[in-house]
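*Asks:* We have chain V already, so just place chain Z with the ligands on it with the hints.
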Amino acid sequence: MTLGFYPGCSLKGSSREYAESVLAVAKAFDIAIEEIQDWNCCGATAAHNMNRELSLALPARILSLAEKQGLSEIVVPCAACYSRLTVTQHELAADQTLKARISEVNGMEYKGSVTILNIIQMLDKYITPRLEGKVVKPFNKKVACYYGCLLVRPHEILKFDREEDPQSMDELMLKAGATPIDWAFKTECCGAGLSVSRTHSVGKLSGLIVGDAKDRGAEAIIVACPMCHSNLDMRRKEINEYLGEKVDIPVLYVTQALGLAIGLDKKELGLNRHFVKVTV
Amino acid sequence: MSKIGVFVCHCGENIGATVDCARVAETSGKLDGVAYSVDYKYMCSDPGQSLIKSAIAEKGLTGVVVAACSPRMHEPTFRKACAEAGLNPYMCEMANLREHVSWVHEKGEATTEKAIDLVRILVEKVKYNQSLNAIKVPVTKTALVIGGGIAGIQASLDIANTGHKVILIEKDPSIGGHMSQLSETFPTLDCSQCILTPRMVEVAQHPNITLYSYAELESIEGFIGNFKAKIRRKSKSLDEKLCTGCGLCTTKCPVKKIPSEFNEGLGMRTAIYVPFPQAVPNKPVIDREHCTYYLKGKCRICEKVCPTQAIRFDQKDTIEEVEIGAIVLATGFSVKQPDFFPEYGYGKYPDVITGLQFERLASASGPTLGEIRRPSDSKVPQNIVFVACAGSRDEAKGIPYCSKICCMYIAKHAMLYQHKVHGGKSYVFYMDIRAGGKNYEEFVRRAIEEDGVNYVRGRVSRIYEKNGKLIVKGVDTLLGAMPVDIEADMVVLATAGVANNDAEALAQKLHVSYDAYKFFAEAHPKLKPVETNTAGIFLAGACQAPRDIPESVSMASGAAVKVACLFSQDELTRDPLIAVVNRMAPPVYSSCVGCFLCVSACPYQAIEKEEIKNRAGEVIKTLARVNPGLCQGCGTCVAFCRTKSIDLQGYTHEQMYTEVMALLNEY
Ligand SMILES: Cc1cc2nc3c(=O)[nH]c(=O)nc-3n(C[C@H](O)[C@H](O)[C@H](O)COP(=O)(O)OP(=O)(O)OC[C@H]3O[C@@H](n4cnc5c(N)ncnc54)[C@H](O)[C@@H]3O)c2cc1C
Ligand code: SF4
Ligand code: SF4
Ligand code: SF4
Ligand code: SF4
Chain V
1 MTLGFYPGCS LKGSSREYAE SVLAVAKAFD IAIEEIQDWN CCGATAAHNM NRELSLALPA
61 RILSLAEKQG LSEIVVPCAA CYSRLTVTQH ELAADQTLKA RISEVNGMEY KGSVTILNII
121 QMLDKYITPR LEGKVVKPFN KKVACYYGCL LVRPHEILKF DREEDPQSMD ELMLKAGATP
181 IDWAFKTECC GAGLSVSRTH SVGKLSGLIV GDAKDRGAEA IIVACPMCHS NLDMRRKEIN
241 EYLGEKVDIP VLYVTQALGL AIGLDKKELG LNRHFVKVTV
Chain Z
1 MSKIGVFVCH CGENIGATVD CARVAETSGK LDGVAYSVDY KYMCSDPGQS LIKSAIAEKG
61 LTGVVVAACS PRMHEPTFRK ACAEAGLNPY MCEMANLREH VSWVHEKGEA TTEKAIDLVR
121 ILVEKVKYNQ SLNAIKVPVT KTALVIGGGI AGIQASLDIA NTGHKVILIE KDPSIGGHMS
181 QLSETFPTLD CSQCILTPRM VEVAQHPNIT LYSYAELESI EGFIGNFKAK IRRKSKSLDE
241 KLCTGCGLCT TKCPVKKIPS EFNEGLGMRT AIYVPFPQAV PNKPVIDREH CTYYLKGKCR
301 ICEKVCPTQA IRFDQKDTIE EVEIGAIVLA TGFSVKQPDF FPEYGYGKYP DVITGLQFER
361 LASASGPTLG EIRRPSDSKV PQNIVFVACA GSRDEAKGIP YCSKICCMYI AKHAMLYQHK
421 VHGGKSYVFY MDIRAGGKNY EEFVRRAIEE DGVNYVRGRV SRIYEKNGKL IVKGVDTLLG
481 AMPVDIEADM VVLATAGVAN NDAEALAQKL HVSYDAYKFF AEAHPKLKPV ETNTAGIFLA
541 GACQAPRDIP ESVSMASGAA VKVACLFSQD ELTRDPLIAV VNRMAPPVYS SCVGCFLCVS
601 ACPYQAIEKE EIKNRAGEVI KTLARVNPGL CQGCGTCVAF CRTKSIDLQG YTHEQMYTEV
661 MALLNEY
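Protein chains in written order, with this note's numbering: chain V, 1 to 280; chain Z, 1 to 667.
Isolated chain V (complex conformation) (with noise of 0.2 Å):
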């Protein structure tokens, strides 16, 4: 079988490293991934909070284009990407004439049919079953799990893991060797795109959740979104500024954790593209 995928922006640019890492999991466990064509922006938080019928149409069309592709499941690992898709697909399934609409705007026939799912939900599915004997170089250390604002939320849409007190990576990575700790800032914001405009706040807010998995012995943060990985990782300088030390705790996707587990390459996995070195 083939699961579609849909990298969205970052994951091209910025996060290019989560897309490999990505594809070097799948691979490993012969996983035929292929990318939506000519996908779209899914709209981000700008869209959404311009106008609605342009939230909407922007990640109908890439729904509408992996129907016409053929793909009945796809991957969405940005988290935000993830939520917007879900939210649409969502709202479209409770309003038949907004669909109706939808479909004409995009000049494009959107029928809800395509299963989305995020990077934990892929994992959970296709690969941690088949986990056993493959994790040759268990990931050994002591991690904090930071699922961020839209992994799990709004859970009545989602219906993913527990909203305030996630499991699921944590479960995913004790599989993969690591020792999950628990810790008070799982779903606490980063600062998401004030990195850009307000870099001072990012800096404070991501430094709580840095500054807390420190304080309780993390050896890594694993994150499961692009703009997560960014703010804690990009704006380490930042961070470290507001918690008055040097903090060194690697920000690692999933899919790179786990690839170092199964035994995948650390170039393949991109780990060589982080700000904060990776030692592990």
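What the hints contain is simulated information worked out from the structure, not anything from laboratory work.
Honestly, I wouldn't trust all of these hints.
Residues of chain V clear of chain Z, computed beta-carbon distances all greater than 12 Å [as the list claims (entries may be wrong)]:
| no. | residue |
| --- | --- |
| 1 | F29 |
| 2 | A100 |
| 3 | L131 |
| 4 | G133 |
| 5 | E163 |
| 6 | F185 |
| 7 | K186 |
| 8 | T187 |
| 9 | A192 |
| 10 | K267 |
One side only, chain Z facing chain V, incomplete, derived with CB under 7 Å [to be verified]:
| no. | residue |
| --- | --- |
| 11 | F340 |
| 12 | P342 |
| 13 | E343 |
| 14 | Y346 |
For glycine and all other residues, C-beta sits at the position ideal for the given N, C-alpha and C.
*Replies:* For chain Z with the ligands alone, coordinates are given in the frame of chain V:
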């Protein structure tokens, strides 16, 4: 030839401003069979009713149509007026020009036309109405009270003091309910046990009250005045007559680590236990789920030490069958536990507790003997945070309503804390303070102004533990949404008051309606607050909605009065609007073919099989027969009967048919 009177009511502006009432009266007057018609401002008023009565007398009316409000509102009023004027009350019908016309349509030609149509229909129907006689049923003058909290206690005592018998059943080993767990009570800070225990004892000693503790309702059948209930008396593994309540067994039982329900898990109890020292009855029960003997077949220490040989390991549950005339539901409420709150740690922090647990800490009879000590390490918390509306008023949690009692008990808790821990700091995170009630607002002001409790207006987004402290992340919305982090030693959640887990099942058993949150529904939110939609079943206390003690007690007394009213009559009259099976004489000729589809259709088990015998005593036919005491007049059987042998009095096939024809015919 019918002589029907039509009485059109304006209901003040209610109908009059939308419907042309004069025209309705005038047009009705011209209808075939109508002898008199008139419109009037308030037909239900005294002069309005007199209008009807004198018309019946003067014009010799044979039927009456009152075109006014809903029959649910005033049908009894007008039927009574007709009866007073000598007309059979069931010759009176109501056309609903208010709920069905003026309140739902704009003023206009079509609206008045609709009003006329409704009157026409009923005029035709009344032509086929028959004089009916009310059904009389006897009343069993014993009440069943379910739930022995303060509401059930009060209701039982009040009913018993009117001279009627009461059976009180309580599922737990002792009566008392939540009030027995409370330390002191707002708004006067009097000790809860001190005011409650005398009443508990009074219940136990009252000659008119039979108390079954550790008992639950098994099943119920019947109807107002004539219920039959089966009560399951759970085995206590004890011969209560022999037990003197010495308590020796409870001191010797080796299983000592069972979290005590009474102490909300903050203290431990044994497998054979009395929930608390002032329990009523003050005799132990064996908790079979934890007793070593029941689990492993060994021990029986309690049996050995018992000086009166009262322990009975082989005792079984017994079913008590009782006949009662009325039921008071007083099963109370529950509170959400911390594991409902992921943002506050899903119950994983031992020092994040519920308000009810705080009551036990503050109670002189509690696990800390009234000292405020936190569960994890018994330290006295120097910083304490109270979180209001935990779960309540939160659409996302499925509890959009306000739990009503928590604002007050939080103020009480913070006050008690300040009184007990000198120099301690207390914070209350609240949305807004709901302190409506006599001396309530003053009570809260006292907490803030005299006891120095810090009220912070804002919600708490998260609680987590760090370096032995609970970090409470909140916001102060009065300081421009400023984030506030408090390092607390203990946090008390005022968790939402919710319906009991078994409330829905109980309501279904009793055919009582309940709301979206499984609280039992009152018959009318304003005018029938203690009645249910099921005749003869009343409500008291927090089973209807979160309620404080004064309200629970008032409701209980209200329900008791309703029961007493019912018991003041020897017979009840019911509307004869019930189904009857066609019984033309001799019964062999009844068109009923004995298929008994109706028996399976009736939701109230009101239809019986009746054997018709010849003189030699041989069964020649079996027919359906409706028990007039049980039939609720729902009409389901009528729809099922394939030979049209069942008809509903007051709503016969003939009447329905003429109504439809009237609507289709031009006039
Ligand atoms: C933390 C806290 C503090 C409070 N402080 C105050 C205060 O200071 N002042 C004040 O006025 N109010 C206070 N209250 C409110 C008070 O507890 C209630 O008003 C009161 O308990 C309601 O009484 P009730 O009899 O309706 O219900 P409950 O007290 O809940 O009693 C119901 C009884 O019915 C029994 N029962 C339940 N289901 C069944 C069944 N199926 N069959 C048989 N029996 C059953 C239960 O075991 C229980 O004994 C407080 C409440 C809380 C949670
Ligand atoms: S038999 Fe059961 S209740 Fe009695 S002492 Fe032993 S454990 Fe306790
Ligand atoms: S009574 Fe007060 S604390 Fe309780 S739900 Fe209502 S507003 Fe919130
Ligand atoms: S459904 Fe009708 S015919 Fe059949 S048993 Fe009942 S009354 Fe008789
Ligand atoms: S009218 Fe309803 S309650 Fe009465 S006998 Fe028929 S089905 Fe039963």
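*Asks:* Compare the structure with each hint and give your call.
*Replies:* Consistency of the hints with the structure:
1. F29: holds, 32 Å
2. A100: holds, 30 Å
3. L131: L131 (chain V) is indeed farther than 12 Å from all Cβ atoms of chain Z, at 27 Å.
4. G133: It holds; G133 (chain V) is separated from chain Z by about 34 Å at its closest Cβ, greater than 12 Å.
5. E163: violated, 7 Å
6. F185: violated, 8 Å
7. K186: violated, 10 Å
8. T187: violated, 9 Å
9. A192: For A192 (chain V), whose nearest Cβ neighbour in chain Z is about 17 Å away, the distance exceeds 12 Å, so it holds.
10. K267: holds, 37 Å
11. F340: Cβ of F340 (chain Z) sits 11 Å from chain V, so the hint is violated.
12. P342: holds, 3 Å
13. E343: holds, 4 Å
14. Y346: holds, 6 Å
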